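S.K.: This is what each chain is made of:
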Amino acid sequence: MYRKLVGLTAAAAMAANVMGTAAFAADTIKIGDINSYKRLPGHTIPYKNGAVLAIETINAAGGVMGKQLELVSRDDQGKPGEAIKIAEELFTSDEVVMISGSLFSHVGLALASYAGQKKRLYLAAEPLADALVWGKGNRYTFRLRPSTHMQASMLAEIAAENPAKRWATIAPNYAYGKDAVAAFKKALMAKRPDVEFVTEQWPGLFKIDAGAEIQALEASKPDAVYNVTFGGDLAKFVREGELRGLFKDRLILGLLTGEPEYLDPLKDEAPEGWVVTGYPWYDIAEPAHKAFVADYQKRWDDYPRIGSLVGYNTMLSIAAAIEKAGSTETEALVDAMKGLTLDTPSGEITYRAIDHQSTMGAWVGTTTVKDGKGKMIDWAYKKGANYLPSDAEVKKLRPATD
Amino acid sequence: MDFFVVQILTGLSNAAALFLVASGLSIIFGVTRVVNFSHGSFYMLGAFIGYSLMTVLPGFIGFWASILLAGVAVGVIGLIVEMGVLRPIYKSPELFQLVATFGVILVIQDLTLLIWGPDDLIGKRSPGFEGVVKIGDQLLPSYDLVLIFLSFLVLGGLWFLFNKTRVGILVRAATQDREMVGALGVNQSWLFSGVFFLGSALAGIGGAAQLPKGGADLLMDFNILAPVFVVVVIGGMGSIPGAFVAALIISELNVFGVQLLPQSTLVLMFVVMAVVLIFRPWGLFGRPETLGSHGSQGPPEAPLRAFSGRLWLALAAAAIALTAVPLFGGTFLQVLLADVIIACLFATSLHFILGLGGLVSFGHAATFGGGAYAAALLVQYAEAPMEMAMLFAPLAAGLLALVIGWFCVRLSGVYFAMLTLAFAQVVWSVAFQWGDVTGGDDGILGIWPSAWASGTTAYYYLVLTLGLGGIATLLFMAYTPFGYALRGGRDSALRSEAIGINVRLVQWSAFIFAGFMSGLAGALFVFAKGSIFPTELEIARSFDALIIVFLGGVQSLFGPLAGGVVFTLLQDWLSRFEYWRLFLGLMIIGIVILLPNGLVGVGQWVRNRLGAAPGKPEEEAA
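Keeping their order, the protein sequence lines are chains E and R. So the number in the numbering used here is just where the residue sits in the first sequence, counting from 1, plus 188. So the number in the numbering used here is just where the residue sits in the second sequence, counting from 1, plus 1049.
Chain E with its partners taken away, still in its complex shape:
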């Protein structure tokens, strides 16, 4: 009868759980990893590769506190509710000591809320939402990647030095896009009260009607355009904008546009002369970073994306926190994470005790096309610490006291 089938499936599922718990001896430390591996594989798979590489490197060097690290990766389907369920399973069935990951801001925020409620540690790797560490921050949530506010401020700094007065913005119509535009406007207006925002365009995420958007932007006759679109939207925006002459003789800023995830699919049609935040992995000369790139290429036969670096740094941070705490107890780990300083391929970073944001920075440069590929030139690494608000302001932004 069908109930047998039902029973069998359930039994199999439970058996898998039981075996999962029993099979591992106590001399490994398990870390739970949740990300949208199916929803945006182009971004999350490099992240996972970077994380796995870091774990392997750490384990080869003897692990942490004499124990091997083990990463338990799960797909959240891009759904916050699913992520919460998996987090619960990772903690209670797999007995992980903490969780990390997520790319979508809403999934990150849901996990942060869960972490705060259940008093379990969550290191948000990739989500950019400012609220994660400020408005909705809590004791148990930390974030690695430079936030929307930080990256937008880096571009606003460039914008302020430019004579352009009439600005237009285009950003996907969801929280990240809105935050990115608001942060940019605020930072630019603070330095240049004389600028004017002549139009704001809000295409649906991954549903851009590029021709119409370009027409609308063109109609407002801006001096400069601030672009937040990415992925498939960016490709359409660039191609259509190039054709319709939107980028001619204008300063174009692109948030994240220089990240290989977004720039590389454009190939020889990558925009030229845009000022962008991104990741010029091919030109970074620091020995630590060179070694990271070499290891990564050896292990995965592929070049690193920004997600790879974030994944790698996430696992380094976790290992450093466990080492510093000398324990895998949540409260000890949280205390260790506060003010934790470590060396990464992208330089030294600190998890600020005041708001749990890491000081990992970003690279700002100009795009060009070389050998049929989009590249960043004339870039500089901007330290994250310089683009975070003052302590007094952070205290106002972050209600959580811990």
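Keep in mind the hints are simulated off the structure, nothing from the lab. Keep in mind that a hint or two might mislead.
Straight-line Cα separation of at most 30 angstroms, DSS-like style, residue types lysine-lysine; simulated pairs [stated by the list, open to error]:
(1) R:1183 <-> E:455
(2) E:395 <-> R:1183
(3) E:409 <-> E:512
(4) E:353 <-> R:1183
(5) E:353 <-> E:236
(6) E:455 <-> R:1173
(7) E:373 <-> E:395
(8) R:1173 <-> E:561
(9) R:1140 <-> E:558
(10) R:1140 <-> E:409
(11) E:436 <-> R:1173
(12) E:455 <-> E:570
(13) E:571 <-> E:512
(14) E:353 <-> E:218
(15) E:236 <-> E:561
(16) R:1140 <-> E:395
Distance ranges between label pairs, derived from CB positions [as the list claims (entries may be wrong)]:
(17) E:244 <-> R:1106: 39 to 45 angstroms
(18) E:253 <-> R:1444: 50 to 56 angstroms
(19) R:1365 <-> E:249: 54 to 60 angstroms
(20) E:585 <-> R:1529: 52 to 58 angstroms
(21) R:1436 <-> E:407: 52 to 58 angstroms
Output of the computed footprint for chain R on chain E, the stretches with three or more beta carbons under 8 angstroms from beta carbons of chain R [as the list claims (entries may be wrong)]:
(22) 277-284
(23) 300-313
(24) 392-405
Here the structure is a predicted model, which means the values were calculated and not measured. Where is the CB? At the ideal position from N, CA and C, for every residue including glycine.
The hints should help you fit chain R onto chain E, whose structure is shown.
M.R.: Relative to chain E, chain R alone:
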């Protein structure tokens, strides 16, 4: 002036791409009555296959040959799907096929990822049309004009096919009366296959032809799905000129919407669809559906049986087993079972209108998410305790259903389904867009249970009590005079009216009651997860409930329970594997083909075979 000309032409070229895909869907629906969710996947395949072909076939001829070949290839894939997956289940209950096409979506998603990898691919430009045309001081990509030309070519070609050829006339005849065409000696299965080939090929051509405007990525399938369904419904299902006009309306509105109201683009097409359906319930060029189309395939549904003694015993045993779970099961088992119960309550509430009322809602997430949001907002702004929020949520969801239902119950069949979908999208966009109140897609956080219920076990018992209570009430209602009236209206609206039942009023009440219960499920969900986001109002959430109901078996009261248990557990279990969508898709297709009446079909099959007493559904004890 030039500006407007260019705007209009831009809209026309968008309309062209949309029309190619939508016309295929419309033809398929018109003839086979299959609501083909996998049509978006065919579009995506067309883009990927076209991309690969263009890298090997050079030049002008190579470009157009690639588009044509991509169409043929996708047509063949469509044919395989039709013959392998759909043909065995044409005799199943109406709309059952959509579950199978959902399985096809999952399979195609993972296979595409496997073959082409995760990176977005940017399309090649069309040789000879790389540049722009100058109109006054405005620039228009010349490929836009090519697309416009292509759409007229296809429109003309389809007109010729359907009006001037024998095959086309047969297809048109089949859209109007399938059985009569069959009776006249036309081999229906070949007609169906041919139509599926043509429809899928058009989707493939649409996908390949848009490459110079964008590219190929893994989100294309779902992204195109909503717009093409909207176009097909506004135009009237099965009408090619309708699809053309609707594509034009939607695209032009969008282009000017971007200009005047940049934030409106998310919801504009759904508002248009809702307005059109309210004033023209069968779309602009559509025809009223034939009466009593529900269940016209296959034998009529058997009446519900009263619960037997053994069934009562089994249910009691299941309830006791569930109550005992915290004694032997771990924390995660309780969390998982709470999810299962919430899914079952959500699906059972949909089954109440879908199975008993014959009202197939594609927008059931509106009340689920609506209830969840109502609870979350009350906690957020009135600092209400959990208990009050849980009481308020179903009432708010019921109120929402009252409004939505008032518009929807005048419609039937697929048009009813699409109007509910439109309203659900409007609700979604309110939650998404009204950031100051709802937090936009950053959602509402920190909605946790009261202290007494905050432990995993305590909350599990709360879900168990309210969830099973809700399910039991829904089942009980099926046996009340109200439930009988609802089923009467489903089986024969005319006869029900004749004996004095106000069918519309009964359906409307059922819609509200189902919304109430779905809102309760939403409230249980939000306190289990601690946060709520617009994702819970998305089309995908409505589909979850549909899949569960159909997978479980639409003709049995216990169908949604069986479906809820199996679907939730399968998903939880399979998601551990890298290519879990492939497995889940194949399993759904397998279940659908082997058990054309859903999972409960196994019980019925055994019962008929052995002539034994009704099997006791034990699914809750899983």
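S.K.: All the hints need checking, so say for each whether the structure fits it.
M.R.: Tested hints:
no.: 1; hint: R:1183 <-> E:455; verdict: holds (27 angstroms)
no.: 2; hint: E:395 <-> R:1183; verdict: holds (26 angstroms)
no.: 3; hint: E:409 <-> E:512; verdict: violated (55 angstroms)
no.: 4; hint: E:353 <-> R:1183; verdict: holds (28 angstroms)
no.: 5; hint: E:353 <-> E:236; verdict: violated (42 angstroms)
no.: 6; hint: E:455 <-> R:1173; verdict: holds (11 angstroms)
no.: 7; hint: E:373 <-> E:395; verdict: holds (24 angstroms)
no.: 8; hint: R:1173 <-> E:561; verdict: holds (15 angstroms)
no.: 9; hint: R:1140 <-> E:558; verdict: violated (59 angstroms)
no.: 10; hint: R:1140 <-> E:409; verdict: violated (60 angstroms)
no.: 11; hint: E:436 <-> R:1173; verdict: holds (22 angstroms)
no.: 12; hint: E:455 <-> E:570; verdict: holds (26 angstroms)
no.: 13; hint: E:571 <-> E:512; verdict: holds (24 angstroms)
no.: 14; hint: E:353 <-> E:218; verdict: violated (53 angstroms)
no.: 15; hint: E:236 <-> E:561; verdict: holds (25 angstroms)
no.: 16; hint: R:1140 <-> E:395; verdict: violated (37 angstroms)
no.: 17; hint: E:244 <-> R:1106: 39 to 45 angstroms; verdict: holds (42 angstroms)
no.: 18; hint: E:253 <-> R:1444: 50 to 56 angstroms; verdict: holds (54 angstroms)
no.: 19; hint: R:1365 <-> E:249: 54 to 60 angstroms; verdict: holds (59 angstroms)
no.: 20; hint: E:585 <-> R:1529: 52 to 58 angstroms; verdict: holds (55 angstroms)
no.: 21; hint: R:1436 <-> E:407: 52 to 58 angstroms; verdict: holds (54 angstroms)
no.: 22; hint: 277-284; verdict: holds (count 3)
no.: 23; hint: 300-313; verdict: holds (count 5)
no.: 24; hint: 392-405; verdict: holds (count 10)
The structure does not agree with the numbered hints 3, 5, 9, 10, 14 and 16 stated previously, though it agrees with the rest.
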